[in-house]
Amino acid sequence: MAIMTARTLPWYAPPRLARAMREARRYPLVPIALLTFLLVIPAVLAPQVAPYDPLKGSLAKRLTPPVWEQGGTIDHPLGTDKLGRDMLSRMIHGARISLAVSMVAIFVGGIIGTSLGLISGYFGGWVDALLMRLVDISLSLPTILLALVLVAAVGPSFGTVIIVLVVLLWARYARLVRGETLGIKERDFIARARVAGASHARIMVRYIFPNLVNSLIVLATLQVGYVILLESALSFLGAGLPRPTPAWGLMIADGRELIVTAWWVSMFPGLAIMLTVLALNLLGDWLRDHLDPKLRNV
Amino acid sequence: MQRYIAKRALQSLLAIWVMSLIVFSLARVSGNPLDVMLPLEAGPEDYERVSKHWGLDQPLSTQYLIFVSRAVRGDFGNSWKWHGHSAMGLVWQRLPATLQLAGFALFVSIVIALPIGVMSAVKKDTGWDSVAKIIALLGQSLPGFWLGIVLMWIFAVHLGWFPTSGRGGIQYMILPAITLGWFQVAVIMRLVRSSMLDVLDSEFVKLTRIKGLAEWKVIWKHCLRNAAITPLTFFAIIAGVLLTGSVVTESVFSWPGTGLLVVDAVRARDFQVVQAVVIVFAGIFILTNLLVDILYAYLDPRIRY
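These protein sequences, in sequence, are chains A and B. Read in the numbering used here, the first sequence has 93 at position 93, and its numbers run on one by one without any break. Read in the numbering used here, the second sequence has 39 at position 39, and its numbers run on one by one without any break.
Bound-form chain A, shown alone (with noise of 0.2 Å):
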């Protein structure tokens, strides 16, 4: 009977290169790749990546399918649209403006969530009952069309956009922060910061707050991918960026009309949006378990 040790084996690996693999399973690699191909190149060097301007085309060029279709160019390896621009570099712009809404508007609304509820949390009383009631209502109205309200009162734009996602936004943290507030004022280091002479503002912002740090993160990674979603379902209703602009919800709202004839101009976007809001969750999903396990409900 032959002894099979894992020498013998032959898709044994050297032990070096084994435990580099296992390493490097323990973090959420293949969403970090698709986060960085499909969001962070592109939005950061749009212009440099680019090959054409996302805003002009040329209608002789118009509705060219993909180059592996037939009739497809190298020159637009994803086709071009109804008025010939270039499929590519809308997508790559459009990465660009998916990351800088999201961004800017989970930031504005944290900081406001963030500041209340270490308000909330850190007084208590009368100013917790209301902030906390305002929280409770600004969560039980409903999202879309709230969005439909303001837009069709002062139209679609990016400060538009930018105010209704905050308005969305900032209830979740005001929550959050409360609630790990409420349990870290009651700990010794805040209360010897009292004794020392800290005044109310500098507890919340040195003290309190850096023990926030985690859940925010978590808290920020996991709304990117709804942000995006939001945004793009806002703008495919065309009550999100006006045109245009090359956003991947208006993409999409695009290529609706064209299904018969140009499936392309609505298929790649919707995938660019698939994609990153799959990897943006896992992603989320492993800070959670890794970062602040007890978010789990959030």
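These are calculated hints, taken from the structure and not from any lab test. Any given hint could be a false lead.
[To be verified] Capping the alpha-carbon separation at 20 Å, the derived lysine to any residue pairs in SDA-like fashion look like this:
#1 B/Lys7 with A/Met132
#2 B/Lys123 with B/Lys7
#3 B/Lys133 with A/Val30
#4 B/Lys133 with A/Ser138
#5 A/Lys185 with A/Gly124
#6 B/Lys133 with A/Gly124
#7 B/Lys7 with A/Val205
#8 B/Lys133 with B/Ile112
#9 A/Lys82 with A/Glu257
#10 A/Lys185 with A/Val205
#11 B/Lys133 with A/Trp286
#12 A/Lys82 with B/Val157
#13 B/Lys133 with A/Asp285
#14 B/Lys7 with A/Glu257
#15 B/Lys7 with A/Ser138
#16 A/Lys185 with A/Ala198
#17 B/Lys133 with A/Leu275
For this one, chain A is given, so just place chain B on it according to the hints.
Chain B alone, transformed into the frame defined by chain A:
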């Protein structure tokens, strides 16, 4: 219990009030509502007359009271885009189509989610469970409007099984219902799975097995009946989400419901119709939430704090 219901009801009233404040103030932010309400050729005396009729010559607080008292009676003025129709009339006219689609979508999502949820609980950590996990992940990441377009592309354009858009027989409803129900599938499936896991552990299930009942009868009759209570209480929330989700789905498939109405109204800046739809939807949404909370508190006494 009464205390809890009173508290939740008050909160819902507050939410509706905030929504009405938002709608009212936005209506004023958007500029003189008369510019929108009156035709271009209206003279100054028309302005004065309509301004009197709507109380726009009064201070803002009075105007708000007038707005609320009219809104309570369902009067949001006349549509600007659809001439000769009142905003509320349009909403009532389109609502049945939306309810039909939402109801069918709910049915479809239960039909899909229930077996998968049950199987993933019974066959935990097997292929069924992975299928359930993948569906849950996709449910979170797929943009609903894009899913609609993909389904349309595959099943209507390429295979020609269903019409691309519009309203008619049941074949018109299948694709929109799947699009609309997709997200609920993930939610219902997870709820069914977790409550099935609880029930499968309990004593009475062991008893039914000892009695010698067939395994399918144990699972599909005795377990499912008990496991269904928890997901049932979530159905009203899901119904609310379906209603707002219809905005996206209806505009993808040109389904002539309230969702499509509000999107068309936003594009035309027809504020009267937008606010009518939004108030009606928000009312339904907030009331279903209230009902669910009360129902839930009734079924699970731990909720009443």
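> Can you name, in rising order, the numbers of the hints this structure does not satisfy?
Replying inline: When the structure is compared with the hints, numbers 2, 4, 6, 7 and 14 turn out to be violated.
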